Structure formats: structure tokens, C-alpha cells
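Peer 1: Use the sequences and the hints to build the structure in full.
Using the working numbering, you'd call the opening residue of the first sequence number 372 and step up by one each time.
Just so you know, these hints were derived from the structure itself, not from any lab.
No experiment lies behind these values; they were computed from the predicted model shown.
A few of these clues could be false.
Claimed, not checked - With beta-carbon atoms standing in for the labels, derived distance ranges: (1) F590 with S414: 19 to 27 Å; (2) N785 with T584: 24 to 32 Å; (3) Q736 with S1007: 44 to 52 Å.
Heads up, the beta-carbon is just placed ideally off N, CA and C, and yes, glycines get one too.
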Amino acid sequence: MGDARPFGSLIHPFLLHPSVCVLPAANPSLRKHLPMKAPIQMSDLERIRHSAAHVLATAISRIWPDAQFAAGPPVDTGFYYDVELSHRISPDDFAQIEEEMRKETKANYVFERRVVSRQEALLMAQQGRLGALGEREVVSKFKLDILTNIPEGEEISLYVNGEFTDLCAGPHVMRTGNIGAFKLTHVASAYYKGDERNPQLQRIYGTAFKNKTEMEAHFAMLEEAKRRDHRKLGKEMELFTFDEDVGPGLPLWLPNGTVLIEELEKLAKETEFAADYHRVRTPHIARENMYLTSGHLPYYVESMFPPMELAEKNADGTVAEISDRYYLKAMNCPHHHKIFKAVPRSYRDLPLRLAEYGTCYRYEQSGELLGLMRVRSMQMNDAHIYCTTAQFEAEFMAVNEMYLKYFKVFGLTNYLMRFSTHDPARLGEKFVDDPVLWKQTEDMVRGVLVKSGINFVEVPNEAAFYGPKIDVQVWSAIGKEFTIATNQVDFAVPARFGLAYKDRDNTDKTPLCIHRAPLGTHERFIGFLIEHYAGNFPLWLAPEQVRILPIGDEDELVEAAVALRAELRSHGVRAEVDASSAKINGKVLRAEESKVHTMLVLGKRDLEGGNLSVRVHGKGNLGAKPRGEVIADILSSIQERRANAV
RNA sequence: GCCAGUGUAGCUCAGGGGUAGAGCAACUGAUUCGUAAUCAGUAGGUCGCGGGUUCAAUUCCCGCCACUGGCUCCA
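Peer 2: What follows is the structure in C-alpha cells.
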């Protein structure tokens, strides 16, 4: 184990640093978007958590002295430490580990910082003394690896708490007793340095706070987040389901969920029609040859479902040869390119905007699937805009404005625009080798963002192979980050497809292409909306918009309820009648539970006065109002897609 | 795909080597109630699937499938 570089290439830049504790101070969620920077200070809470990670390592070392520690940084909701250990740590072990941790915090040791020479640190690693209670027979192998990657001339520091010594740049709290409250939460696994070629380590997660009150508030918040989880609400509200026989990652949309889909499509179609898009429809499959042209084969083949093979058969029924292969489409662009190509194009046709809610299939790895947020079949709010270089900026800008318009409709404010650019060092490898076009398009995109006054982060080396892109990042209820919308420049693939238009000077030119999906895919967007609204959709989106609750079941009342339902439905309102024998309290309860947006209570008193008693989900009884007024309010709220209806 | 955990009625969950139980929902009947649970009755499960150990498996063991938490990856 003397090899200084026992592991694969270094992937995560933060991990290159002497201590993974050193992170840029900012919203932790943004960190992954930032390039590595010099050490920046941690917030007080992060110091507490990072210190708790050391105390966790101390406790584990006491119980399992052969533990090999890798990295132990603070994260958004707490901290973790990666450890290699023959014992498989399970939640059953947490009580024992926490007990050891408590001894350390009670002892109130000082976190003592020691600057050492590179040579001294290397010697200690060889003696197994880093991330350990003392000298061991084994080398502190991960610490040694981290150490050897610290750039020459940089200060090397150790932190000592009690008997435990760790390689770390800090910072920490003054004493172990400053960690007011902590709790281990779960155990997971992670590859060393995030590289699947490296060994898998056990990642022990915990959280820590200044005091117990704050920690309890944190756990209460988590409970609240779980209530918003789209998987839970999706089941309760009968929006979608999965079935083993259909297959993992292949959602079945129930009637209530389909309402959401169709309302979104209506919104998209209206918006795109107004913006001069043309709608197209394309098949879900295509021949192998198209994906060879597009370059998806072989580069994207891992993410595609295996092909359907058509075979010539011998007389005895055995396969003579594969005569054709069809693939399920993983994206719509090639089909759209073919539509562009189907007709001779002139510069007068540009910009040409082709839109389709196209269904794509991607063979995501099984462990990556997550409710609606990560699926294998998805309906994408896709469009491809073919334009000239001169038209590009205006087109890209218009797409961006479309995003913002949508976000306003949904009251979406907590998002991050991520501008992904290329890495000049990887031209011709990861990125199309055309430095001039890269610079030109990236400048244009950056210009659009600056001009729009939108906050964004720029991330190099994240672009698509065919051009720069903007992704819109949002966070799910349980804190996971997702791309909800995307706007990409493509200056490479149109040429591969031989796309051309006749320019003013009678020469053939290749168009630029913008791939855009402001509403992402139905699956992810709706998954996100469910959590965003906690299932309490505005009236225009609500699967059941109105439920009429007659008080009692006398003929007169029931007839009035049925007539009201018919009238509402004639205006396209999704209205139902609760004709059950339950009492009015029970009917109200059930309607509230199923998150019906508007409840219209109809009793004798209302009937006589020509009124309806309005109750809105979550807002309680709003009192009796004239029947005509109530209906008009409902219709205009839907029509205007009001955020807070009635 | 990898590591770990979980899988009992439509839902939420008890139970446990001697072949299962509650609440809610469903169904039937009664009730005629003004804004978060009217009452009674009925029905509902090859305890994820397959194999093994055992006189006996839903319970123990193995394999598979699905889901959950992560890692890797992404709309």
C-alpha cells in the first residue's frame, strides 16, 4: 500500500484539496456549480457540523480502530464522513456510535490546529495516524492519497480533538462541547472521490445544530417535507401509479394526473401558437441509421433501450440475419431535423420553430429512478428552432422570456439558471472542435442572460457536446436538485444531418438550432408542481375543480345539484356532486382531504335565496353568494389561470 | 449498475415457526344532517415472486423482482 496514487483519476475538485472541509461559503446548494477556489470560511453552523464529523470519526475509531477515513464535510442538512470498514454499519449501530460521540463532546476537548511539514504529514499517514486515535499497523491510505494531491507550497494542517488526529484545513469550533446537538440519520454508500472505479465507502450521515431546539425544528421541517413528497401525494390524490408488470420508471397517468398533463399542454400550445411555433407529430421509434447520423449511436447507446430487431428467417425458423433495427427515441431532435429537411428551406422560412410534446424513452439505470422526477418514459415540452446566426440572439432571448412567463404563472421563484459552457482543453473530445462558434454562441448566450438581468451561475465543462446551454435548476421537497427546463444551442448536429437553407445569395447555409423545453417533461414538471403546491393546485389546474355538496338528499336539492354540475361542465369546469348519504360535515371532510379546490354547499336556505355557499380548500367557509356570481368567478379564475383562485 | 435497508387488505400500520389482525376506504341498510368523521352490518390477504431447511414457513436461509436512502448519471 505504498503507492501514493492508489486510486483512479480525481474527479471532484473539492476533494483535491487538503481537506474536503474547505468549501466556498455560499448557499451550499450552489457549491457544486462553482469551480474550485481557495479555502473560504465556513458559517458557524458549518463549523459545528464539520466538527461533528470529526467527533463521528473519533467515535467510530474507538469502536472499530481499523476504520479508514476519507472525507467528512458539512452538507446542506448536516454532515457525513466516508469510511472504509469491514463491519457493515447499520442504523442499529447508531445508538452505540452516538454514545461514543457524546463522551467526546462531554469531555469538551479543544480542536487544536497544528501546521506540519509535508514530510511529517506523510510519515504520520504511513504510520496510520491520520484519521485515527494513534499509530496503527496500516497506512491511512485515503488520507495519504489526499495528502499527495495537496499542491506544493500549500500549508498542511492537522486538527486534534482529544486523542483523535485528522488531516484537515479546518475550520472548526473551539471545543467539542460547542456541538450543541447532533444525531446520526442514515448510512449510504459512496465511491471514493465520486468515481465509480474507486472503492465504495460507507457514508455515515448525521446532522448537528447549535442546540436541541434548532435540531428539533429541523426534524419537524423534514416531516413537513415528507408530506409534500410527490410520490406520497401522487398516490393519495390518484395522480399516477407504477406497476411492476409495466416496468420500473414507466408511470401510468390516472385520470386526475392526466388532467394536469392536459392543462399544461393547453398552456404550452397557446403560448407556442402565440409565439409562431408550428406543431408537428413524430413516431416513437426510428431506424438505427438515424441515430448513427445523429451520433447518439454509439455515444448515447447506454441510455437507450436495446433495439427491436427484425430478422430474416430460414425455412426452419432460425434467424438468418438481422435485416433491420429500430430504436425507441431517446430525444425528439433527429425526428424534427428530418421534418426540417423534408421540404426545401429558404432564409425566408427562418426562424422555423417546430414544437411537439414528444414522448421519449431513456434506459436510466435502475437505481437512478425516483418517482416522477426520474423516469424511463417521458413526454417532453420540446421544440427546435432553426435560425440564422443573426437571428439567434433574439430567438434565444424569446425562449428565455417564455421561461420567465411560465415561472410567473406557477409562482416559481426559487430556481437557479445554470449556464453551461465548454472547456477549451477538451475540444475535439468532449466538445465539438469549433472554438470560434463556441466563443460566439457562448458570448451570445451570456449576453442574453446579462441583458435579461437574470441571476445565473456559469459552469465550465458542462455544455452539451454540440453547444452551450442554460438549465433551470430547482429543488424538490426532499431537497434534491433537478433540471426542470433547458435551453440549448446546437451548432453541430444540423450539419451532420445535412440541414440547409437557401440564403439570399443563392448559396446553401447550415442553420443554427435551439433545443428548448421550458416545461421540461410532464413527468418531472408535474412531479415538481405537486411538491411546489403541496397538492393544493390552483383552480385552473385542480383535477377536481368543484364539488357540490347538497345538505341532505331531498329530490329538490339533488336535482339542483345535478343541474349545477351540468351547467358548470357545459363551461368545461370539472365539477362533481357528492350524493353520498354522509352528513355535511363528513362531505366537507372528504372534499378537503381529497384537495378539491372549491366546494359549493347547497342547502334549502341557499336554494331559496338563489345562492351557493362557497368553501375553498384550505380557506374555509367563505359564505353564501349569488349563484350567477359564483359561477362567473369560477370561470374567470380558470380562464385567467389565477394563482389564488376565488 | 453499485452499497445498505424495506416488502403483511385499496391506504396507514400491528403481529409472528403451528397457515393472520386494527383503523380508514369499499359495499349493504338505516340516518336528513348547515361547513373537517351519523350508526350498524358485510366483504376483502397464496403475508412481493421462486427455491431450500423443517413434521410444519408469512416468520429462518438463498436467489430474483420492486420500492426506499445514497453513489454514479440526468429532463
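Peer 1: Starting from the range 19 to 27 Å, see whether the pair F590 and S414 falls in it by beta-carbon distance.
Peer 2: Holds, since F590 and S414 (Cβ atoms, about 20 Å apart) stay within the stated range.
Peer 1: Please test the hint of 24 to 32 Å on the beta carbon pair from N785 and T584.
Peer 2: Holds, since N785 and T584 (Cβ atoms, about 26 Å apart) stay within the stated range.
Peer 1: In this structure, is the beta-carbon distance linking Q736 and S1007 contained in 44 to 52 Å?
Peer 2: Since the Cβ atoms of Q736 and S1007 sit about 47 Å apart, the hinted range of 44 to 52 Å holds.
Of the numbered hints stated above, none is contradicted by the structure.
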